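Colleague: Taking the hints into account, I'd like the entire structure generated from these sequences.
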Amino acid sequence: MKTDEENNEWKAEAPYLASLPVENPFLVPENYFDTLPDAITNSVYLDELKQVAPAAGYTVPDQYFSSLKNRILAQTSEEESNANEQLSFDKESGAEEALKRFPVSAGFSTPDQYFQKLQAKILAQTVEEAAPSRESKIVRLWRSGLLKYASAACFVLVAAFGFYLNEQTVKPVAATAAEIANEQMLYDIDEQDIIDHVEGNVADEPKTNATNAELETYILNNYSQSDLSSEL
Amino acid sequence: MKQVEDDEILEKFSNEKTRNEAFNLLISKYQEKIYWHVRRLVIDHDDADDLVQEVFIKVWKSLAKFRNDSKLYTWIYRIATNESITFLNKKKQRNQTPLDEVSEELSESLVASSYFNGDKIQMKLQQALLSLPEKQRLIFNMKYYDDLKYDEISAILGTSVGALKASFHIAVKKIEVFMLNDEISL
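Protein chains in written order, with the numbering used here: chain G, 1 to 232; chain P, 1001 to 1186.
Simulated from the structure, these hints should not be mistaken for lab results.
Keep in mind it's a predicted model, so treat the numbers as computed, not measured.
No residue lacks a Cβ here, since even glycine has one placed at the ideal position from N, Cα and C.
Be aware that one or more of the hints could be misleading.
As the list claims (entries may be wrong) - Among chain G residues calculated to face chain P with C-beta under 8 Å, some are:
#1 E13
#2 L17
#3 L20
#4 V22
#5 E23
#6 V28
#7 F33
#8 L36
#9 A39
#10 V44
#11 G145
#12 L146
#13 N166
Modeller: Right, here's the structure in full:
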C-alpha cells in the first residue's frame, strides 16, 4: 500500500508523463542475454589470468622503459643521418626532393648568418693567405768548387787549432795537480815542525867565520856516513 | 524459471566446490537488470556490454568479502552505478567536453544507435532524461524503470530517502515540462 502511494504520488504532478506507458525503447543484439553469461565467465577467467601472469610471462631489463624513449630517439636520429648521407650521393639521380625532406641539422643550431660568414672566413684563411705578392728567390750555398774547398780547409785548420789548444791546457792542469799535492803535504806537517825548521835554518846559515874543525864536527853530527858517501 | 534466492547463492559461493555454480546462478539472476541499469545510463550498447562484464568481474573478486548487512542486489547495483558514473566521468575527461555537451553526445548516440526501437515520444522522453543532471537521471531511472523503492535506492546510492524524493520530483517536473514544451513545438 505504501509502495503504491510512493509510486503514484508523482503522477499527479506529471500527468502527461504518467499517461505514457513505461516501455523500454532500447534493444539488444539477438540472443544477447543467452551469450552474456559465457562472456562474463570468460572475462572473469581472463582477469584472473592477468592477475596470475600480468605480463604474460615476459620480463624486461631494469629501467627498460625509462630509457626506451632516448634509445628510440638516438636510433632514429642515426638512421636519419645515414639516410641523408646516402641521399647526398643520389642527387643526380633525382633524389634531391627526398633529401629536402630530411633536416640535416636536426637537433643542432648555428649562430645567426654563420654560413654566410663562414665562406668569407675560409677564403680569408686559405686563398688570400696562400696568394704571395712575390716569388721568393732561391740562393745556392755552394756556387763554386773553390769556395767549397776553401771552406773545407778552413774547417780543418780551425779543428787543428782547437785540438792544439786543448792539448796545451792539459799541462797546467798537471802542474796544478802537483802544487795541490805539495800543499797537501805541507798541510800534513805539523806547524811547530815548520817553525823549528825555519828557526833551525836561520841558525844553520853559513858562518863565514866558522873554522874547518867546526864544520867537520857539524857534518859528523848531522849527517850519517851513508849520506856523505851518496853525496860524494 | 524459479529465481534462486540470494542467500542460497551466497551459501554456494562460500563453498569452494560450488563457487562457480553460485556465480553462474548470480549472473543468470542479475545480468539483465544490471545491463538495463547500465544501458540507460551510458546509452550505447557496446559500452554497456563492456561495463556489465567489468561489474561482474568486480562482483566475482569481492563476493567472498560481501557481508550480509546489505542485500546482495543493492550491493551489485551499487557496483554497477559506480562503474557507470566512473565511465561517464572518464568520457568527459577524455573528450574534454563540458557536462551539457556530454548529454548532447549521448543524445546523438541515441539517435544514431541501431539498438533503439522507441517511437518519437520515447525518443523525446530519453532526450528529456539526458537533459537532467546525472544524479537526477540516475534516480529517475531506478524509480521509473526499475521500480525500486526509495529505501532501496537509498541503500544503493547512499543518499537519504528525503533527498531522493526531492530529486525524483524535481526530475519528474523537468521531464513533464520538457515533454509538453516539445509537444507544443511539434
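Colleague: Look at each hint and say if it fits the structure.
Modeller: Results of checking the hints against the structure:
| no. | hint | result |
| --- | --- | --- |
| 1 | E13 | 6 Å, holds |
| 2 | L17 | 5 Å, holds |
| 3 | L20 | 7 Å, holds |
| 4 | V22 | 7 Å, holds |
| 5 | E23 | 6 Å, holds |
| 6 | V28 | 6 Å, holds |
| 7 | F33 | 6 Å, holds |
| 8 | L36 | 5 Å, holds |
| 9 | A39 | 6 Å, holds |
| 10 | V44 | 5 Å, holds |
| 11 | G145 | 102 Å, violated |
| 12 | L146 | 104 Å, violated |
| 13 | N166 | 104 Å, violated |
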